[in-house]
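Visitor: Going line by line, the protein sequences match chains A and B.
Quick note: the first sequence, position 16, residue 13 per this note's numbering, numbers continuous.
Quick note: the second sequence, position 16, residue 9 per this note's numbering, numbers continuous.
If you are wondering where the hints come from, they were derived from the structure by calculation, not from laboratory data.
Treat the hints with caution; some may be incorrect.
To be verified - Result set (PhoX-like, lysine-lysine): computed pairs, CA atoms no more than 25 Å apart in a straight line:
1) Lys61(B) - Lys50(B)
2) Lys61(B) - Lys95(A)
3) Lys30(B) - Lys50(B)
4) Lys6(A) - Lys30(B)
5) Lys64(B) - Lys35(B)
6) Lys35(B) - Lys6(A)
7) Lys51(B) - Lys61(B)
8) Lys35(B) - Lys61(B)
9) Lys15(B) - Lys35(B)
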Amino acid sequence: DSGVTQTPKHLITATGQRVTLRCSPRSGDLSVYWYQQSLDQGLQFLIQYYNGEERAKGNILERFSAQQFPDLHSELNLSSLELGDSALYFCASSVAAKGQPSTLHFGNGTRLTVT
Amino acid sequence: GENVEQHPSTLSVQEGDSAVIKCTYSDSASNYFPWYKQELGKGPQIIIDIRSNVGEKKDQRIAVTLNKTAKHFSLHITETQPEDSAVYFCAASATSGGSYIPTFGRGTSLIVHP
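With the hints as constraints, model all of the structure from the sequences given.
Guide: So, in structure tokens, the structure goes:
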């Protein structure tokens, strides 16, 4: 068990809808990362937050947004959903001291199916 | 940005054999290389990592090697067991604005036959 909790485990929704994925990091970790995993694209970095502030941005679509709250949990919001957004969405957390590499600890993901 | 190539995409071995997975990276500034194991229905979990100031690192049956000049690194698993069956990902990362964001390879599905 990595200590990272993601909810829900599965989500089925229709095109055009909006969903929210939730992540609770490991105790003591200040940084949260979101990744998208699909068969054709592998693990793609979306966005990182550190102690409530956005720190790094990857290939995140404008239809997607995220935030990290004062209690350090994070939410990834996906809107105007398209069939191609169907994927596994992973949250990871780390200590992420600035300028130092740190291990990412992944949750078990949310499987999103857009029909 | 960083680009990580990983080979092979599938690797099938007999129990007790060794398995080797190879990765190359493009950004010479990358200096941290973790390896992750992903079992079915779970998220990736780190199994070993190596930093650029080290050429090799071992942890029981697992070892990683790094050749910075050639920009490639490898994972070696000896005496494979059926429970080693999983998807393995290599990653490379360099600091960007103070953050280390791993760029992952496409994964290797390792199958260990009893």
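Visitor: Give a verdict on every hint.
Guide: A quick look at each hint next to the structure:
1. Lys61(B) - Lys50(B): holds, 14 Å
2. Lys61(B) - Lys95(A): Holds, at about 24 Å.
3. Lys30(B) - Lys50(B): OK: Lys30(B) and Lys50(B) at ~17 Å, within 25 Å.
4. Lys6(A) - Lys30(B): holds, 20 Å
5. Lys64(B) - Lys35(B): Status violated; Cα separation ~30 Å.
6. Lys35(B) - Lys6(A): holds, 11 Å
7. Lys51(B) - Lys61(B): Within the cut-off at roughly 18 Å; holds.
8. Lys35(B) - Lys61(B): Answer violated: Lys35(B) to Lys61(B) is near 31 Å, above 25 Å.
9. Lys15(B) - Lys35(B): holds, 23 Å
The structure shown violates the earlier hints numbered 5, 8.
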